[in-house]
Structures are given as structure tokens and as C-alpha cells.
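For the record, the sequence lines run as chains D and L. Under my numbering, the first sequence has 51 at position 25, and the numbering climbs by one with no breaks. Under my numbering, the second sequence has 174 at position 172, and the numbering climbs by one with no breaks.
Since the hints were derived computationally from the structure, they do not count as laboratory data. C-beta atoms are modelled at their ideal positions from N, C-alpha and C, and glycine is treated no differently. Check each hint, because a few of them may be wrong.
Derived list of chain L stretches under chain D, where covered just means 3 residues or more per stretch with a C-beta under 8 Å from a C-beta of chain D [as the list claims (entries may be wrong)]:
(1) 167–174
(2) 367–378
(3) 464–475
Listing some non-contacts, in silico: residues in chain L with all C-beta distances to chain D over 10 Å [to be verified]:
(4) Leu216
(5) Tyr224
(6) Val226
(7) Asp230
(8) Arg240
(9) Arg244
(10) Arg282
(11) Glu288
(12) Glu333
(13) Glu352
(14) Met411
(15) Ala412
(16) Pro452
(17) Asp459
(18) Arg489
(19) Phe562
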Amino acid sequence: MTRILLVDDNPDDVELTLRALRRSGIGCDITVARDGVEALALLHPPGGAPAPQPDLVLLDLKLPRVDGLEVLARVRTDVRTRCLPVVVLTSSLEEQDVSRAYGLGANSYIRKPVDFTAFLDTVRQLGSYWLALNVPAPQGRSP
Amino acid sequence: METPEHQPAADVELQDLQLMCADMLDSLASRWRFRTQAGRLGSHRMTEAAELVRRLERAASMLRDEPAAARADLTPLIASEERFRALVDGVTDYAIFMLDREGRVASWNAGAERIKGYRAEEILGQPVSRFYLEEDASSGKAERELTIAAREGRYTEEGWRVRKDGTRFWANVVLTAIRDSEGRLIGFAKVTRDLSEQRRAAEYLKASEERFKLLVESLKDYAVFMLDPQGIVVSWNRGAERIKGYRAEEIIGTSFSRFYTEQDRANGKPLRALNEALTRGKFEEEMLRVRKDGQTFWAHVTLTPLRAPDGTLLGFAKVTRDVTERRMADEALREFARDLERRVEARTAELREANAELEAFAYSVSHDLRAPLRAIDGFSQALLDDYGDRLDAGGLRLLTRVRAGAQRMARLIDDMLMLSRLGRAHLRRDPLDVTALARRIAADLERAEPGRTLRFDIADGLRADADAGLLEIALRNLLGNAVKFTRTRQFAHIAVGETERDGRRAFFVRDDGVGFDMAYAARLARPFQRLHHEDEFEGTGIGLATVRRVVQRHGGELWFEGAPERGATFTFTLAPPTRPGEDRP
Numbered sequence: 027m028t029r030i031l032l033v034d035d036n037p038d039d040v041e042l043t044l045r046a047l048r049r050s051g052i053g054c055d056i057t058v059a060r061d062g063v064e065a066l067a068l069l070h071p072p073g074g075a076p077a078p079q080p081d082l083v084l085l086d087l088k089l090p091r092v093d094g095l096e097v098l099a100r101v102r103t104d105v106r107t108r109c110l111p112v113v114v115l116t117s118s119l120e121e122q123d124v125s126r127a128y129g130l131g132a133n134s135y136i137r138k139p140v141d142f143t144a145f146l147d148t149v150r151q152l153g154s155y156w157l158a159l160n161v162p163a164p165q166g167r168s169p
Numbered sequence: 003m004e005t006p007e008h009q010p011a012a013d014v015e016l017q018d019l020q021l022m023c024a025d026m027l028d029s030l031a032s033r034w035r036f037r038t039q040a041g042r043l044g045s046h047r048m049t050e051a052a053e054l055v056r057r058l059e060r061a062a063s064m065l066r067d068e069p070a071a072a073r074a075d076l077t078p079l080i081a082s083e084e085r086f087r088a089l090v091d092g093v094t095d096y097a098i099f100m101l102d103r104e105g106r107v108a109s110w111n112a113g114a115e116r117i118k119g120y121r122a123e124e125i126l127g128q129p130v131s132r133f134y135l136e137e138d139a140s141s142g143k144a145e146r147e148l149t150i151a152a153r154e155g156r157y158t159e160e161g162w163r164v165r166k167d168g169t170r171f172w173a174n175v176v177l178t179a180i181r182d183s184e185g186r187l188i189g190f191a192k193v194t195r196d197l198s199e200q201r202r203a204a205e206y207l208k209a210s211e212e213r214f215k216l217l218v219e220s221l222k223d224y225a226v227f228m229l230d231p232q233g234i235v236v237s238w239n240r241g242a243e244r245i246k247g248y249r250a251e252e253i254i255g256t257s258f259s260r261f262y263t264e265q266d267r268a269n270g271k272p273l274r275a276l277n278e279a280l281t282r283g284k285f286e287e288e289m290l291r292v293r294k295d296g297q298t299f300w301a302h303v304t305l306t307p308l309r310a311p312d313g314t315l316l317g318f319a320k321v322t323r324d325v326t327e328r329r330m331a332d333e334a335l336r337e338f339a340r341d342l343e344r345r346v347e348a349r350t351a352e353l354r355e356a357n358a359e360l361e362a363f364a365y366s367v368s369h370d371l372r373a374p375l376r377a378i379d380g381f382s383q384a385l386l387d388d389y390g391d392r393l394d395a396g397g398l399r400l401l402t403r404v405r406a407g408a409q410r411m412a413r414l415i416d417d418m419l420m421l422s423r424l425g426r427a428h429l430r431r432d433p434l435d436v437t438a439l440a441r442r443i444a445a446d447l448e449r450a451e452p453g454r455t456l457r458f459d460i461a462d463g464l465r466a467d468a469d470a471g472l473l474e475i476a477l478r479n480l481l482g483n484a485v486k487f488t489r490t491r492q493f494a495h496i497a498v499g500e501t502e503r504d505g506r507r508a509f510f511v512r513d514d515g516v517g518f519d520m521a522y523a524a525r526l527a528r529p530f531q532r533l534h535h536e537d538e539f540e541g542t543g544i545g546l547a548t549v550r551r552v553v554q555r556h557g558g559e560l561w562f563e564g565a566p567e568r569g570a571t572f573t574f575t576l577a578p579p580t581r582p583g584e585d586r587p
């Protein structure tokens, strides 16, 4: 069963994204982290023990406590999650956010459209690409 | 030679000889003296005259005791007397003539004719008073002079004399009494020299000197004075007194090193200054000087050596100017400029901060406003999806409008954000290939509207010095509008090219679409103002406002023309109007 980690602090956005994922027909297990702290706790459990990794992380940037770019940075520096597919899913189209996200190693950058129909389509494409088409890095072994 | 019948004749002859001797002696003597003064005769004539005088003197002394020998001596001299006369006659710069005992003119020479204007036949026998000014003649000046000459032997003076034509001239006059061997007065020899020219020159020089002194004196702001070759002050002026504080009597005769500071004196600066003036021809410097009261001040000093025509050093001319005020003014100006710079920097920093704040605000606003919009649209759709079957057509329509509203607001926010960013973005001018840019945008637009036939007519070689990003935004808007508003046409025709507007080169974008009514043209470029209804043509009304903002940032101007159903033309320049002949769009 494919697993998606959705990191977003906005309950409306979370609900709409879940709805979109459901309606896209992608069968997957979805975990929600409401901020960077929760996300990192899930991805890098303390003690160094390996944790089951999700197949895709949908990461919002504007989060309380620890924000999305910080999460991205930590994810990429930790050997356990270095190759984890991370798609930034945010409303911001600010150039500096885009360049910093890519600079820190995001796989992709998607701007959340206001139009829900368009959003549905986006999510469908995301799921289809990253969960069906993309070949993930082998788990448990890092280069 | 001696014959008895010549005895009486010999006596007469002797007398004549005596007369002639005396005559010649005195004339020569006075003339010789005069020549020395004026330096007019050549040295050979001087020798000749001296020789004649000597021989005449000897002959004259011999006359009484050894008349025969004297006569023998004189005979050749008589011949030379002719020569002498010729000499005298030849002199044109001096009037040399004889007067008899009563003061009547007895001889005349070329010089006398030249200087006084009379020919010999006109003046011989006339009294000498003819040559005097009327007032002098009537007061008996001529007689007085003759009396003095008779008594003292000679009379000299410089005074006014009159020419034949009545004009007066300044003359140097020597009147010599001529006596025979017994001491009897025979007559006078007169030598007159016209000093008019000399006098004029002397007067002119004096006047010039006066003027110069006046000038130097009147200079209050400049100390102008002279030093001797050792640097001793030999002259002073009012400016010097004012600037340095010394009165003339206090300072003349002392060394100019007094004006230097003690340190400079110790370092030998005054002497170095003099030397430099001598070697370089001038010494110039701005430095500290000392006043009489001990106060120092900033002075601009020039020291120039003065030389005689033969090169001897006469001394130095010194000009000193008090530049303390000027230096203070300079310093004040510099301080003011520095202060201004500091203020400008502070203001710029303020502006930059304000801009950054604005940027952050715009960013967070746009971000934070979109989330609720997403919620509105998303949940409306969710409502439609999940409960749509329980809604009638009216209800469905209402929900649709809710969604439309949210989406429109999102677009508005984006447009506003972009417009505000356009106003603040840093403008960079690069040479751009506008043709290529337009063609690229046209291709994108064609791709986005596959069902339509769009004909783009983009002129070749369009170039501009502009900001690439901003120009692209502007062109995208203009071309996008052109495509949008030609939708009603089967074949859309859109042209991009160059034209002339107000004497300047400009670009234009023209379409043959629905156009607009010029009566409402004023509203066209205002943000969010539209001339069409949303259901006719979608849009937020920001497109043209954006174009105008881009054009304005470049210093250019935007014009638009249109007519309903006859298309629209948008013309713009991308640079402020430049000087004639230096034009670019």
C-alpha cells in the first residue's frame, strides 16, 4: 500500500487535498503532519531507529514552529530520507521560495490552484506520476 | 708776411682773429658740452672739436705776445673754421647761432631753422626776444638772461620758447658771452635744444607711474609690495597694511621673513622661496602667514623677480592674498556636500526599508488571502459533488457563482501583486530583439488557441533598449488582448511594428478585432477598468494598466486608438524624449 505524508497546517487545505486524493482514485495510506516538528518526528524518529518511509511527501512551505524549507533541508541531510520524493505543494509562487526549495533538493514544486477542479486534476497527475510512473529509490539501502 | 702798409690792416685782422677765436672757442666749448649731454655727435667729430678748441686756446693765449706765431697757427684753423661752420651748420638738432652785443641775431644754422622755423634772411638782425613767449618778452626776460650771461659768462635754463608759427616748445638753452682779449663783450653764442619730445616722454612716464601707484594703492584685498634682492621690504600698499597689519613705516627696511611663521623661518623657507622665484621665474604657494598681532592666516603668495633690461636683479615683486575666507567657504561647502550625502544615504536606506516592507506585505497578503479562497472554491465544489443531486438548477447555479467569485478574486490578487511588483522592480536596460520576443509570444498564443486561425504580422529588425522581463509582460498583455478581442473574427489579423509618434520612434500592436469606443478610452488603462462585460470577454482589467506601468517605468508613453468593430492600435515608446537627432523608441 502506497503511503503519502501530507505536511500542511491549514485544516481546509488538508481536507480538500484528502478529498482530491480520494477522488483521484489513487489507493493510498495518508498520514497528516500539521507542522514541521510533527513531520520530522515521523520521518526521523529519535533514537536513530529506521522508520517506515512514505512513498511521497507533499510539503507545504508556510508552517508554524518549523517551516517547510527547514523540513526539506533536514530530510535531505539525513541518510534515511535523502532520496525520498518531496513535492512542494504551496500557494506561494514567489521566486525566492521556488529557488530555495530547489536549492535544498525538492523534486518538484507545485502551486496550489484556487480552482478546485484544477486542484483535483493536479492531484490526480501528481499521484499518477509519483506513485505509479516514478521508480523510487530502493529503500533500506542508501548510495 | 709782415708788410708795413698792412700794419693797420694787421691790427684789424688781429682784432678779427681775436673775435673769431673767442667766437669759435665758446661756441665749440658750449657745443661740445652739449654734445656730451646729448651724445649726438660721432666720436670723430668730438675729437675734431676738442682738437680745434685746444689749438684755438693756444692761439688765443699766443695772440697778445706772439701774434705772428699765433697767426701762423690760426691760419690753418681759419680753414678749419670753415669746416667748423659747416659742422655747426650741419647740426640740425641744435639751434646754434650768434647774437651781437645788443642781443640781435648775428648768425643762423640749419638746426635753428628747423627748431625755430625762421629762415636766416628772416631773422638776422632781429632781437632775441622774438623767440620768447609774449609775457616773457614783455617782462624783459631775454634782456635779463643776456645780462646774467654777460656777468657770469654763461646762462642755462629750461623754459618755453616760441617758434615762427607761434607754437611753443620746451627748450634747453645755453647762452655764452663772447669777449675779446681785453675782455670786452663782443656778443653771445646761443645753443637751443627742442626738448618737446623728451618732455612728453617724461610726462607720459610720470603719468604712467602715477596711475600704477594709484592702482597698487587702491588694491585693498591684495598686498602688493617690493623686496630688494635680499628680501628687504622696500615698498608697501594699503592692501598690505590691511592684510598683514603693519604700517609702511613699521615694515619698510625689514626683512620679509617676518611674515613667515616661526617654524617656517627656522626651516629656511623664506630664502628657499626667493631662490625658487629666481630659478623658476615665479614662486607661488598657499600657506600660513603671520600678521603683526601674531595671528596666523591662510595666504596665497606670489613672488616674482624683477630684472633690469641688462638682466641685473633689481628685487622681487610680492603679491599676497588673504584666502582664509575662501578656504573656510570651501570647507563649509565640503561639509555641506558631505552632510547632503549622508542625508541622501539615510533617505535611500529608509526607502529601501519601506520597499522591503511593502514587498513582504504584498507577499504575505497574497499568500494568506489565497488559502480562504481555496477553501471557498473547494468546499463549494465538494458541496456540488456530494449534494449536487439534492439541489435544483437554481441552487447549482448559485454554487457555481460562489466558485466563480472565489476564482476571480484569486486572479485579482495575482494581478494586483504583479502590478505592485512592477512598480518597484529594478529596471535594467539591455539591447533587446523585440521581433524575436514578439514572435515567441505569438507562437505561445497560437499554441494555446489551436482551434483558431491567427495571423501575426511582426516586422523584422525591431530593437529596443529595455528591461527584458518587463517588456515581455507588456507584450504578452498586448498580444494576449489582441488575440482575445479578435475572437469574434474568423481570421484574426495582428500586426506588430514600428512607427513615428510625436517625432519619436514608437512600437505598435494592432488588431482588427472588436475595438472599443474612443469616448471611453480614458478609462482603458486604469487598473480594473473595463470597457467590455465579463460575459463578453473575460479579464480583470489589469492588462492595460500593466502595460502602461511598464511603459512608464521606461520613461515612455502609451497611446491607444480604436473604433467599435474596427480593431484597436496600441502605440508606445520605451524611453523619455531625447535631444533631437538622438531618438530611440
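Structure-based check of all given hints:
A stretch counts as covered by a chain when three or more of its residues have a beta carbon under 8 Å from one of that chain; for the stretch 167–174 of chain L and chain D the count is 0, and the coverage is violated. With 7 residues bearing a CB less than 8 Å from a CB of chain D, the stretch 367–378 of chain L meets the requirement of three and the coverage assertion stands. Note: the stretch 464–475 of chain L has 0 residues with beta-carbon separation from chain D under 8 Å; the three-residue rule is not met and the coverage is violated. Non-interface status of leucine 216(L) relative to chain D is upheld: no Cβ of that chain comes within 10 Å, the nearest being about 79 Å off.
With a cut of 10 Å on Cβ distances, tyrosine 224(L) stays outside the contact zone with chain D, its closest approach being about 67 Å. Consistency note on valine 226(L): stated as away from chain D, and its beta-carbon is indeed over 10 Å from all of that chain's, at 72 Å minimum. At roughly 81 Å from the closest C-beta of chain D, the C-beta of aspartate 230(L) stays outside 10 Å, upholding its exclusion from the interface. For arginine 240(L), the non-interface assignment is confirmed: its Cβ lies about 74 Å from the closest Cβ of chain D, beyond the 10 Å cut-off.
Distance to chain D confirms arginine 244(L) as a non-interface residue, since its nearest Cβ pair spans about 70 Å, more than 10 Å. The beta carbon of arginine 282(L) is kept farther than 10 Å from every beta carbon of chain D, the shortest such distance being approximately 66 Å. For glutamate 288(L), the shortest C-beta to C-beta distance to chain D comes to about 56 Å, beyond the 10 Å cut-off, and the non-interface label holds. Glutamate 333(L), annotated as away from the interface, keeps every beta carbon of chain D farther than 10 Å; the closest lies near 47 Å.
Every Cβ of chain D is farther than 10 Å from the Cβ of glutamate 352(L); the closest lies at roughly 23 Å, confirming the non-interface assignment. The Cβ of methionine 411(L) sits about 8 Å from the closest Cβ of chain D, inside the 10 Å cut-off, so the non-interface label is violated. Remark: the non-interface label on alanine 412(L) conflicts with the geometry, its nearest Cβ contact in chain D lying 4 Å away (cut-off 10 Å). Every CB of chain D is more than 10 Å from the CB of proline 452(L) (nearest about 19 Å), matching its label as outside the interface.
Every CB of chain D is more than 10 Å from the CB of aspartate 459(L) (nearest about 34 Å), matching its label as outside the interface. The Cβ of arginine 489(L) sits about 22 Å from the closest Cβ of chain D, beyond the 10 Å cut-off, so the non-interface label holds. For phenylalanine 562(L), the requirement that its beta carbon stay farther than 10 Å from each beta carbon of chain D is met, with the minimum near 30 Å.
Comparing the model with each earlier hint shows violations of hints 1, 3, 14 and 15; every other hint is respected.
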